[in-house]
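Undergrad: Spelled out, the chains give:
Protein chains: 2
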Amino acid sequence: MEVLEAVYRISGTERVRDRAAAILLEQTIETPRSVAERYAFVRDHMMGSVGRVDLDPSNGALATLSLPVVTASIDPAQFLNVLFGNSSLHADVRLEDFTPPPSITTMLRGPRFGIPGLRERTRVFDRPLTCSALKPVGASLEDMAGICRDMAEGGLDLIKDDHYLADHPFAPFDERVRVCQDVVEEVAARTGHHAVYIPNLSGTPDDVKRQAFVAQRSGVGAVMAAPMLLGMPVFHQLCVSELEVPVVAHPSFAGVQAIRPATLYGKLFRLFGADAVIFANYGGRFSFSAATCEEIARTLRTPWLDLLPAFPTPAGGMDAGRAAELVHFFGTDSILLVGGSLLEAGDDLREKSARFTESVRDAALAAKRPR
Amino acid sequence: MEVLEAVYRISGTERVRDRAAAILLEQTIETPRSVAERYAFVRDHMMGSVGRVDLDPSNGALATLSLPVVTASIDPAQFLNVLFGNSSLHADVRLEDFTPPPSITTMLRGPRFGIPGLRERTRVFDRPLTCSALKPVGASLEDMAGICRDMAEGGLDLIKDDHYLADHPFAPFDERVRVCQDVVEEVAARTGHHAVYIPNLSGTPDDVKRQAFVAQRSGVGAVMAAPMLLGMPVFHQLCVSELEVPVVAHPSFAGVQAIRPATLYGKLFRLFGADAVIFANYGGRFSFSAATCEEIARTLRTPWLDLLPAFPTPAGGMDAGRAAELVHFFGTDSILLVGGSLLEAGDDLREKSARFTESVRDAALAAKRPR
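Top to bottom, those sequences are chains A and G. 1 is the number of the first residue of the first sequence in this note's numbering; add one for each residue after it. 1 is the number of the first residue of the second sequence in this note's numbering; add one for each residue after it.
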């Protein structure tokens, strides 16, 4: 019988096997066992089981549970529900990891383009991709177009909307997308460098569906969306029903501190369909350690369930001057997303973009040379 | 100028005004100030401001920020984004509270029925409403119908699906809804007691939309959905575009521990449209304190923004024997949701439901008598 295997970290070290059994009950039938035993189908298919429960020298205990796929595989929301629905409310439980069986992988599918598909679109195969953001929110369409032009001429591979850009009256989605897409196409025709413009989708499912349609009709090469803001089932429906271009996942509102970061960003976002996943980099203004970032990046790229690998996209208070360090740390299959640090250049935006592009190229080359 | 006021708790007590300024930047333009100052509209409308920043004797500091409504009021996802998007990723920041201005209240609307509308449907005005859940998942439709009949005959006001009931092949949504709605209607015709059956909606936005249609066509008196599982913008779209019946919010996957519980359950869920909000009660198997539960309940019912009050619905490992205590603690305008503790009664389910109903009635009466 197929099972969904999940690993939870339990705080405390006493009676952890009992605690694991209680978590199993919470995530399966949420009913006293005596009640469930009355129904043959429930008893045979719904109870799951407790596997290994080991004390962890660093903190508490790790419990591996087998959860019933017959219920987790019904829909994307139900999958999250069975994986970490009620237990997310327990202060002493944290979701560490999970392994979905084929029926769930078939339902959720993962990246449709992933690293290979995004590389095809940028035609860059031998170094990290460079990325920056159109901001600040509130700048006019003319200003946005100017920033976009400087970045494209400076050779950036990906130019994404800031995640605060929505369908504002001062820079409406449809016009913004048309203007920015025109800019990258014009620069490509003139210089031969094809930057990919990536608009941000925001709103209710109906809003987002309409924006996805408009963006694709305008010819964009990819889109961005925040799975935890929109809802992960919406994100999934976007991927499988609305999008024919890659999607970049933004971490906004993802402060679900009870999920191990590598599991949330590295596995869940990838499984739900993200082709590239933005996360808060170490050494910026967020609190992930280098080890956590390395684990997120590794998890996104590692062979898993026959899913395509997805691009790790470290971001958040990063300085273009760190290009060499980050190329070394994250390796070739990564997207280096630098925002404010480029925009500070003002009139020198094109030059600073070009220097950033150059330093990534150089660092990637240097990494290949024998030392 | 309208502002969205938000209060954040900052860990630590040093340089907290600088930290508050950094959070403001994160939640507004996420761009160095020097860049933003170049654009007049950004400078005048997007920067927000830092208000009071006070050390809190219990823990860290509380910072009140004014956030730009011109961007937060665009759509429900963007509202969350501006309220707590990136800052949710900061380990030292927690969202404590917020006060939306009229433009955001107008967009989100809050409960369409709330306490008065749900009372009308149950015709119970003078005591807490009683509620239980159809479970365990995996039981057949015949079993579900039997449980539903016992509970309805036992006089429960609300009979909701367990949150693990999705559109399973062994108990498909459409049939389950028809069967259970038929049961409550049959019992009402026979006994005069109108229990409200509340099916659970689950899946992608398209799934949920279809289920809402089917459920309402079957004549159900309310529905349940989990805002954090489905995505809060989906929940909102359901409320304003798909539903003509009240909606009960389930807390599954809401372990966003960086939001104060009363703010998440009491304000956000209500603002997004929940008529009743289920939360983990004190003294059960979850970790909220009695004080937290009291605050959630008070927040849901307190006059706020001209929104209807919503029913606090404590649940989670509650025993029917606690009825009197809970009536006393939560007062008349509450829904007392008891699941497994009733189902353990097995063949005595109807009697135990009736005793629970009776004890809530008695406790509510006793509370009114002069002591």
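Certain hints may be false.
Per label pair, the in silico range of CB-to-CB distance [stated by the list, open to error]:
| # | chain 1 | residue 1 | chain 2 | residue 2 | range |
| --- | --- | --- | --- | --- | --- |
| 1 | A | D347 | G | R298 | 20 to 30 Å |
| 2 | G | R33 | A | A291 | 25 to 35 Å |
| 3 | A | S11 | G | R298 | 47 to 57 Å |
| 4 | A | E175 | G | D126 | 50 to 60 Å |
| 5 | G | A188 | A | P116 | 53 to 63 Å |
| 6 | A | D306 | G | V240 | 35 to 45 Å |
| 7 | G | R38 | A | D182 | 33 to 43 Å |
Result set (SDA-like, lysine to any residue): computed pairs, CA atoms no more than 25 Å apart in a straight line [as the list claims (entries may be wrong)]:
| # | chain 1 | residue 1 | chain 2 | residue 2 |
| --- | --- | --- | --- | --- |
| 8 | A | K209 | G | R210 |
| 9 | G | K209 | A | R109 |
| 10 | G | K209 | A | R43 |
| 11 | A | K209 | G | D206 |
| 12 | G | K209 | A | D206 |
| 13 | G | K209 | A | E325 |
| 14 | G | K209 | A | T106 |
| 15 | G | K209 | A | R210 |
| 16 | A | K209 | G | S241 |
| 17 | G | K209 | A | T302 |
| 18 | A | K209 | G | T106 |
| 19 | A | K209 | G | E325 |
| 20 | A | K209 | G | T64 |
| 21 | A | K209 | G | G51 |
| 22 | A | K209 | G | V214 |
Just so you know, the hints here were simulated from the structure itself, not pulled from any lab data. Where a beta carbon is used, it is the ideal one built from N, C-alpha and C, also for glycine.
Undergrad: All hints, please: hold or fail.
TA: Quick rundown of the hints versus the structure:
1. A/D347 / G/R298: 20 to 30 Å: Violated, at about 55 Å.
2. G/R33 / A/A291: 25 to 35 Å: Cβ of G/R33 to Cβ of A/A291: about 32 Å, so the range 25 to 35 Å holds.
3. A/S11 / G/R298: 47 to 57 Å: violated (29 Å)
4. A/E175 / G/D126: 50 to 60 Å: Holds - the Cβ-Cβ distance for A/E175 and G/D126, about 56 Å, lies within 50 to 60 Å.
5. G/A188 / A/P116: 53 to 63 Å: Holds, since G/A188 and A/P116 (Cβ atoms, about 60 Å apart) stay within the stated range.
6. A/D306 / G/V240: 35 to 45 Å: holds (40 Å)
7. G/R38 / A/D182: 33 to 43 Å: violated (23 Å)
8. A/K209 / G/R210: Distance ~17 Å between A/K209 and G/R210 Cα, so the pair holds.
9. G/K209 / A/R109: Holds, at about 22 Å.
10. G/K209 / A/R43: Violated - the C-alpha atoms of A/R43 and G/K209 are around 32 Å apart, more than 25 Å.
11. A/K209 / G/D206: holds (11 Å)
12. G/K209 / A/D206: Distance of about 11 Å is within 25 Å: holds.
13. G/K209 / A/E325: violated (48 Å)
14. G/K209 / A/T106: Status holds; Cα separation ~23 Å.
15. G/K209 / A/R210: The hint holds at about 17 Å.
16. A/K209 / G/S241: The hint holds at about 15 Å.
17. G/K209 / A/T302: violated (36 Å)
18. A/K209 / G/T106: This hinted pair holds, its Cα atoms lying about 23 Å apart.
19. A/K209 / G/E325: violated (48 Å)
20. A/K209 / G/T64: Outside the cut-off at roughly 35 Å; violated.
21. A/K209 / G/G51: Not OK: A/K209 and G/G51 at ~38 Å, beyond 25 Å, violated.
22. A/K209 / G/V214: With a Cα-Cα distance of about 23 Å, the restraint between A/K209 and G/V214 holds, given a limit of 25 Å.
Comparing the model with each numbered hint stated earlier shows that hints 1, 3, 7, 10, 13, 17, 19, 20 and 21 do not hold.
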